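Listed below, chain by chain, are the residues.
2 protein chains.
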Amino acid sequence: MQKQELVKRLQSFLLPDAVLFDLEDLKPYESDGLTAYQQTPMIVVIPETEPQVQQVLQLCYETGVPVVARGAGTGLSGGALPLGDGILLSMARFKKILHVDPLARIARLQPGVRNLAISEAVASHGLYYAPDPSSQIACTIGGNVAENSGGVHCLKYGLTVHNILRLRVLTMDGDVLEIGSEGLDSAGYDLLALMTGSEGMLGIITEITVKLLPKPERAQVVMAAFDDVGKAGEAVGDIIAAGIIPAGLEMMDRLAIKAAEDFVHAGYPLDAEAILLCELDGANEEVSEEIQRVHDILLKSGAISLRTAVDDAERLKFWAGRKAAFPAVGRISPDYYCMDGTIPRKQLSRVLTTIQALSEEYQLGVANVFHAGDGNLHPLILYDANKPGELARTEEFGGKILELCVEVGGTITGEHGVGFEKINQMCSQFKPKELILFHNIKYAWDEKTLLNPGKAVPTLHRCAEFGAMHVHHGQIKFPELPRF
Amino acid sequence: MQKQELVKRLQSFLLPDAVLFDLEDLKPYESDGLTAYQQTPMIVVIPETEPQVQQVLQLCYETGVPVVARGAGTGLSGGALPLGDGILLSMARFKKILHVDPLARIARLQPGVRNLAISEAVASHGLYYAPDPSSQIACTIGGNVAENSGGVHCLKYGLTVHNILRLRVLTMDGDVLEIGSEGLDSAGYDLLALMTGSEGMLGIITEITVKLLPKPERAQVVMAAFDDVGKAGEAVGDIIAAGIIPAGLEMMDRLAIKAAEDFVHAGYPLDAEAILLCELDGANEEVSEEIQRVHDILLKSGAISLRTAVDDAERLKFWAGRKAAFPAVGRISPDYYCMDGTIPRKQLSRVLTTIQALSEEYQLGVANVFHAGDGNLHPLILYDANKPGELARTEEFGGKILELCVEVGGTITGEHGVGFEKINQMCSQFKPKELILFHNIKYAWDEKTLLNPGKAVPTLHRCAEFGAMHVHHGQIKFPELPRF
Chain X
1 MQKQELVKRL
11 QSFLLPDAVL
21 FDLEDLKPYE
31 SDGLTAYQQT
41 PMIVVIPETE
51 PQVQQVLQLC
61 YETGVPVVAR
71 GAGTGLSGGA
81 LPLGDGILLS
91 MARFKKILHV
101 DPLARIARLQ
111 PGVRNLAISE
121 AVASHGLYYA
131 PDPSSQIACT
141 IGGNVAENSG
151 GVHCLKYGLT
161 VHNILRLRVL
171 TMDGDVLEIG
181 SEGLDSAGYD
191 LLALMTGSEG
201 MLGIITEITV
211 KLLPKPERAQ
221 VVMAAFDDVG
231 KAGEAVGDII
241 AAGIIPAGLE
251 MMDRLAIKAA
261 EDFVHAGYPL
271 DAEAILLCEL
281 DGANEEVSEE
291 IQRVHDILLK
301 SGAISLRTAV
311 DDAERLKFWA
321 GRKAAFPAVG
331 RISPDYYCMD
341 GTIPRKQLSR
351 VLTTIQALSE
361 EYQLGVANVF
371 HAGDGNLHPL
381 ILYDANKPGE
391 LARTEEFGGK
401 ILELCVEVGG
411 TITGEHGVGF
421 EKINQMCSQF
431 KPKELILFHN
441 IKYAWDEKTL
451 LNPGKAVPTL
461 HRCAEFGAMH
471 VHHGQIKFPE
481 LPRF
Chain P
1 MQKQELVKRL
11 QSFLLPDAVL
21 FDLEDLKPYE
31 SDGLTAYQQT
41 PMIVVIPETE
51 PQVQQVLQLC
61 YETGVPVVAR
71 GAGTGLSGGA
81 LPLGDGILLS
91 MARFKKILHV
101 DPLARIARLQ
111 PGVRNLAISE
121 AVASHGLYYA
131 PDPSSQIACT
141 IGGNVAENSG
151 GVHCLKYGLT
161 VHNILRLRVL
171 TMDGDVLEIG
181 SEGLDSAGYD
191 LLALMTGSEG
201 MLGIITEITV
211 KLLPKPERAQ
221 VVMAAFDDVG
231 KAGEAVGDII
241 AAGIIPAGLE
251 MMDRLAIKAA
261 EDFVHAGYPL
271 DAEAILLCEL
281 DGANEEVSEE
291 IQRVHDILLK
301 SGAISLRTAV
311 DDAERLKFWA
321 GRKAAFPAVG
331 RISPDYYCMD
341 GTIPRKQLSR
351 VLTTIQALSE
361 EYQLGVANVF
371 HAGDGNLHPL
381 ILYDANKPGE
391 LARTEEFGGK
401 ILELCVEVGG
411 TITGEHGVGF
421 EKINQMCSQF
431 KPKELILFHN
441 IKYAWDEKTL
451 LNPGKAVPTL
461 HRCAEFGAMH
471 VHHGQIKFPE
481 LPRF
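Chains as they are written, first to last, in our numbering: chain X, 1 to 484; chain P, 1 to 484.
Okay, chain X solo, but in the shape it has when bound:
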């Protein structure tokens, strides 16, 4: 169908300002948080009711037009990168908090509600929503579900998938599914987990029921400085091995420390090779006891200095540095490339050392700032897009880091998703049979493959071109084609 006719049909059930088609209006939607990739969508729609979304989907289903859903557009892997011949479906107007039940400790939300707005809305009941991505001021709960987002506190409180109970989902042909329950378990296959992190490829979420947690009585943070990155990595393992589950356990290396300190004056020690921020929360006495134990462990692990925040203001200052680390690095380098991989904790030292070596090999600086407790790395590769060849070198370096994550038993994504960015690395992570299974599962939901096609799961053909059929255990098996 021609763009013009499609616009006309969309305008028949959407308000005029909910259908964008002029180049100028489409511009802001060309990319998400991963601005390295850009594509102007054919049309942007911004519906505000579920029946409107249903009609958009039915129209696209009928006419074979692909649909890319978008929340706040803060994603860092290009999951919401539009298609030139597709519709970009913005869920930005689904902002209602539909219901809060403080006794059952749940809230039912539209997908466009901002992550932080949930906690703000339930604060008066002494409750909060635990997963807290760095972008929590802006990012939406719908996008969080689509990417299975984490955050500083997911070590103790889990990822998005562990903090949601129910979803209301539209299939590509416009049918309504109700997934999950307010009970602990659901019958049938676990569609709730399957939808979570599916990057807009299986269905469009229109409602989300989240779990709320009681705000802990007290939270306290310890900052430890190390003269060696490897030692800091070991200390992380030591804390966990002692049976302590910190609310957050974050690591920053020299470059990240300096950038953050220059930017927000958090009080970080500039002579350290690495710092750890370890937050404990819970009942008052429990926190006191654990702080003491963490102190002892950190000293034994070789920390050269320790500081416990004297009050909540200082605690927040310590975290402000961590949360501002990305923009801070943006001030010291014209461009940076934020990676996201997860490794078994015990491999931290080895992986950090190898990244250091790769940094020298590629002649590109790296700032490390990451969720150490759960082994979720965020190396930021510093480069200058204006220098010929630097972007290509950066991408190659980044690919090497992700392959290293797979090699040590980890995965190519922590909390940012695969999106468009890491689709080639999926060829390293998975065998052909596993990729076929992914395609089959997509087909089970969306048999015309109209929902966010080309993201997250590479075709076998793509993997062959990428040259990554040298997968697990050298099994170079190129099986029968998938069914589409």
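Keep in mind that the hints are not guaranteed to be accurate.
The list cannot tell twin chains apart, which means a pair is met if one copy fits it or any two copies do.
[Said to hold, decoys possible] Taking lysine to any residue and the SDA-like style, the derived pairs with C-alpha atoms no more than 25 Å apart in a straight line are:
1) 317 - 102
2) 346 - 207
3) 95 - 2
4) 300 - 270
5) 258 - 228
6) 211 - 293
7) 300 - 214
8) 300 - 101
9) 346 - 166
10) 96 - 299
11) 400 - 178
12) 433 - 49
13) 433 - 62
14) 387 - 326
15) 231 - 354
16) 211 - 453
17) 433 - 447
18) 231 - 296
19) 3 - 317
20) 400 - 361
21) 156 - 287
These aren't lab readings, by the way, just hints derived from the structure by calculation.
Values in this document were obtained by computation on a predicted structure and should not be read as measured data.
Once you have looked at the hints, place chain P on chain X.
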């Protein structure tokens, strides 16, 4: 293929004692823990290596013979009920603990390892495996994954799905999949959660990597007696609303208390209408503080008496009564039917009261003993199979209870799975479109539908016959047929 020829081909790669085909040898496999349903399988195989399982599957794939996997056969929903024209695949010989890493706190296991054997094997490291179904002495980790088993402690520590990291899985055509990672997150759709609780319908598990937890410093239990079941239900909500997450929060009513007390002399108050057992665990001081808070809450909620176990021996005695409740009820009634449904916690009072009314209507006694903290009910309907009509009345009563669970926003299964038992109730729980999606997902893994066919997900035809197309919101839509 004829049975005789199949036996011959199986014997070509399996040891003689690993292929059973005489009626007498097949007898013990006729049912699992739900003995109400029985079916003699065509052949039983008991392989002991992964390549052997692979060969069994390839042979069945090639010849179109269905396969039902079985662990210890302790399941309570008939998930391992054999097929008369199928092979029963026993994983009982996969008993090896392959690897324990106390630092990373993980263990890699074969599926036939008993649940309790895991905790025993890692006890010397001060670790344990958290999910603890009542059958934990006998049930296997493979079966636990297949059913997403819970247990007394899953309120605090989660279900099986929250306690596993990786699976090694064979597809029906004999390919190997590696699912999950030792990191916190995995790329691609969440196949780990999808496999967990899939009741042997997607693949055959050959290895499982589980998380281990440090044993808490101290565990303590409070027993509260109530003169009213509804008040006990309210007390559960009050404890949770106070922000306390007990390690276990169990409830028993008069009939269950009496049966258990007569059987194991746990010290239960025989004059109570209901008791709650509330276990707190963690650091020493934390437990002391929480015990005090729980005391206060229980008194405020109307408990008529409170007892805190004086030592660990008494704590275990309190639990022994709870864990022996099922066999204890077996002593006071010729037969009982164990139900399993989950409801939002706040509906506890209402549902218990309605079950009481139904009990009078159907003239059948009910003993309630269940995981109150997570709203996972286990009403035991008492009946006598020798009295004409009682079994049928019992099944109808049971069905009513499950429909009630759905009606109040819960689900028809907690931790026991759907299996063969609750397949009709799936028609009440799900809309046709949702059932089609389940079928499509199965098809994505097992396109010949040879793995445990006829379990867990009803065909639409079956639902129509059951008369349960009067599903959610009265949408009586009978859509296009599923693709198989």
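Against the structure, the hints:
In this assembly of identical chains, the alpha carbons of residue 317 and residue 102 never lie at most 25 Å apart, being 30 Å within a copy and 36 Å across copies at closest. In the homo-oligomer, the alpha carbons of residue 346 and residue 207 lie at most 25 Å apart only across protomers (22 Å), although the nearest pairing inside one protomer, at 38 Å, exceeds that limit. Proximity of residue 95 to residue 2 under the C-alpha cut-off of 25 Å is found in neither arrangement, the shortest distances being 32 Å within a copy and 62 Å between copies. With identical chains, the CA atoms of residue 300 and residue 270 are at most 25 Å apart within one copy only, with a shortest distance of 22 Å there and 54 Å across copies.
Only within a single protomer do residue 258 and residue 228 lie at most 25 Å apart by alpha-carbon distance; the minimum there is 15 Å, versus 63 Å between protomers. When the C-alpha separation of residue 211 and residue 293 is checked against a cutoff of 25 Å, the pair qualifies only between copies, where the shortest distance is 23 Å, while the shortest distance within a copy is 30 Å. For a Cα distance limit of 25 Å, the shortest separation of residue 300 from residue 214 across copies, 20 Å, qualifies, whereas the shortest one inside one copy, 34 Å, does not. In this homomeric assembly, residue 300 and residue 101 come within 25 Å of each other (Cα to Cα) only across copies, at 22 Å, whereas the closest approach inside a single copy is 46 Å.
For the identical chains of this complex, residue 346 and residue 166 are inter-copy neighbours only, at 17 Å across copies versus 34 Å inside a copy, given an alpha-carbon limit of 25 Å. In this homomeric assembly, residue 96 and residue 299 never come within 25 Å of each other (Cα to Cα): the closest approach is 48 Å inside a single copy and 39 Å across copies. Taking CA atoms no more than 25 Å apart as the test, residue 400 paired with residue 178 passes between copies only; the shortest distance there is 22 Å, against 41 Å inside one copy. In this homomeric assembly, residue 433 and residue 49 come within 25 Å of each other (Cα to Cα) only across copies, at 21 Å, whereas the closest approach inside a single copy is 39 Å.
In this assembly of identical chains, residue 433 and residue 62 lie within 25 Å of each other by CA distance solely across copies; the values are 18 Å between and 31 Å within a copy. Taking the shortest alpha-carbon separations for residue 387 and residue 326, only the intra-copy value of 21 Å comes in at or below 25 Å, while the best inter-copy value is 73 Å. In this assembly of identical chains, residue 231 and residue 354 lie within 25 Å of each other by CA distance solely inside one copy; the values are 15 Å within and 60 Å between copies. Neither within a single protomer nor between protomers do residue 211 and residue 453 lie at most 25 Å apart by alpha-carbon distance, with minima of 31 Å and 35 Å respectively.
Both within a single protomer and between protomers do residue 433 and residue 447 lie at most 25 Å apart by alpha-carbon distance, with minima of 19 Å and 14 Å respectively. Within a single copy, residue 231 and residue 296 get their C-alpha atoms as close as 15 Å, which meets the 25 Å cut-off; across copies the closest is 46 Å, which misses it. In the homo-oligomer, the alpha carbons of residue 3 and residue 317 never lie at most 25 Å apart, since the shortest distance is 51 Å inside one protomer and 73 Å across protomers. In this homomeric assembly, residue 400 and residue 361 come within 25 Å of each other (Cα to Cα) only inside a single copy, at 12 Å, whereas the closest approach across copies is 68 Å.
Taking the shortest Cα distances, residue 156 and residue 287 sit within 25 Å of each other both inside one copy (14 Å) and across copies (19 Å).
When the structure is compared with the earlier hints, violations turn up for hints 1, 3, 10, 16 and 19 and for no others.
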